[in-house]
Amino acid sequence: MPTYRQIHDRLLGHYGPQDWWPANSPFEVMVGAILTQNTAWTNVEKAIANLRRAKVLSAKAIANLPATDLAELIRPSGYFNIKAKRLQNFCRWYLEQGGLSALKKRDTAELRDALLSVNGVGPETADDMLVYAFERPVFVIDAYTRRLFSRIGLIAGDEGYEILRHQVEQAFARDKSRLERFNELHALIVIHAKAHCRKQPACVGCPLSFDCQVGRDENTA
DNA sequence: ACCCAGGGTCATA
DNA sequence: TATGACCATGGG
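Residue 1 in my numbering is what sits at position 1 of the first sequence, and the numbering runs on without skipping anything.
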């Protein structure tokens with residue numbers, strides 16, 4: 001049974017560095033993190049392109065936009081009514097807190113709690129922001145990660161989010177460059193899942209030498 | 001036609 | 001604490 005570190009190394013060797021998050025600024029990372037909730041990234045790209053074209057890809061602009069206008073711009077990303085509210089909740093909070101420069105000064109644990117206090121920001125979204133916008137060494141747990149680790153046998157699969165996060169983070173606790181490891185591992189797992197989608201009957205050419213089928217929901221073993 | 005995507009919130013038991 | 005309903009577009 002491979003270790004978390006071996007999984008990281010094998011995926012990295014096979015797919016190469018992913019250079020995440022695909023965004024032009026920390027704020028754009030945060031917008032994308034909210035828009036990609038349970039949504040394909042290709043749809044998020046369209047929504048972000050709309051925001052950029054409308055010149056409202058900033059906290060102030062989004063906070064001051066009529067909710068119905070914002071919803072229309074982000075329509076391609078799905079759940080557009082609720083996500084318009086979430087984006088505005090977040091942007092107003094972001095401005096109240098003093099913006100990026102003020103947030104960057106906060107301790108990681110405190111910043112995480114603050115992010116989680118925003119309605120519409122859950123654990124995965126907060127951790128996406130912490131790693132890819134604030135460069136803090138936290139590991140993001142998503143559905144793919146649960147499937148992969150449980151099918152390999154490293155976890156049961158029904159553990160709580162925090163339990164899993166700490167378990168993986170502990171595996172790299174003494175790693176000098178664990179931020180880069182957490183950054184890559186999450187991105188690699190997502191890319192790996194996309195590479196082995198529903199079109200294939202098995203995890204063909206799996207770099208983990210294991211038919212993990214991360215891109216499939218069923219098949220729990 | 002069906003499945004699900006780089007989740008989160010809220011009501012209910 | 002633990003399910004279930006709900007949110008909604010777009011690609012395979």
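What the hints contain is simulated information worked out from the structure, not anything from laboratory work.
Take the hints with a grain of salt, since some may be wrong.
[Claimed, not checked] Capping the alpha-carbon separation at 25 Å, the derived lysine to any residue pairs in SDA-like fashion look like this: (1) Lys85 <-> Ala67; (2) Lys46 <-> Asp9; (3) Lys85 <-> His166; (4) Lys46 <-> Val190; (5) Lys46 <-> Asp142; (6) Lys176 <-> Gly16.
[Claimed, not checked] What follows is a list of derived Cβ distance ranges for each label pair: (7) Asn89 <-> Arg5: 36 to 42 Å; (8) Thr39 <-> Glu110: 27 to 33 Å; (9) Lys85 <-> Ala23: 38 to 44 Å; (10) Ala49 <-> His166: 35 to 41 Å; (11) Glu135 <-> Lys55: 26 to 32 Å; (12) Thr108 <-> Asp142: 27 to 33 Å.
Positions of the beta carbon are idealized from the N, C-alpha and C atoms, including for glycine.
How the hints compare with the structure:
1. For the suggested pair Lys85 and Ala67, the alpha carbons sit about 7 Å apart, so the restraint of at most 25 Å is met.
2. Distance restraint check for Lys46 and Asp9: the Cα-Cα separation of roughly 33 Å exceeds the 25 Å cut-off, and the hinted pair is therefore not satisfied.
3. Distance restraint check for Lys85 and His166: the Cα-Cα separation of roughly 31 Å exceeds the 25 Å cut-off, and the hinted pair is therefore not satisfied.
4. A C-alpha spacing of about 19 Å is found between Lys46 and Val190, which places the hinted pair at or below 25 Å, so the restraint holds.
5. For the proposed pair Lys46 and Asp142, the alpha carbon gap of about 23 Å is at most 25 Å, so the pair holds.
6. Restraint check for Lys176 and Gly16: the C-alpha separation of about 20 Å stays at or below 25 Å, so the hint holds.
7. The beta-carbon spacing between Asn89 and Arg5, approximately 38 Å, falls within the hinted interval of 36 to 42 Å.
8. Evaluation of the 27 to 33 Å hint for Thr39 and Glu110 yields a pass: the beta carbon distance comes to about 29 Å.
9. Checked against the given bound of 38 to 44 Å, the beta carbons of Lys85 and Ala23, roughly 22 Å apart, lie outside it.
10. For the hinted restraint 35 to 41 Å between Ala49 and His166, the CB-CB distance of approximately 37 Å keeps it satisfied.
11. With their beta carbons about 27 Å apart, Glu135 and Lys55 fall inside the hinted range of 26 to 32 Å.
12. Range check, Thr108 to Asp142: Cβ separation about 20 Å, and the 27 to 33 Å hint is violated.
In terms of the numbered hints stated before, the structure departs from hints 2, 3, 9, 12, listed from lowest to highest.
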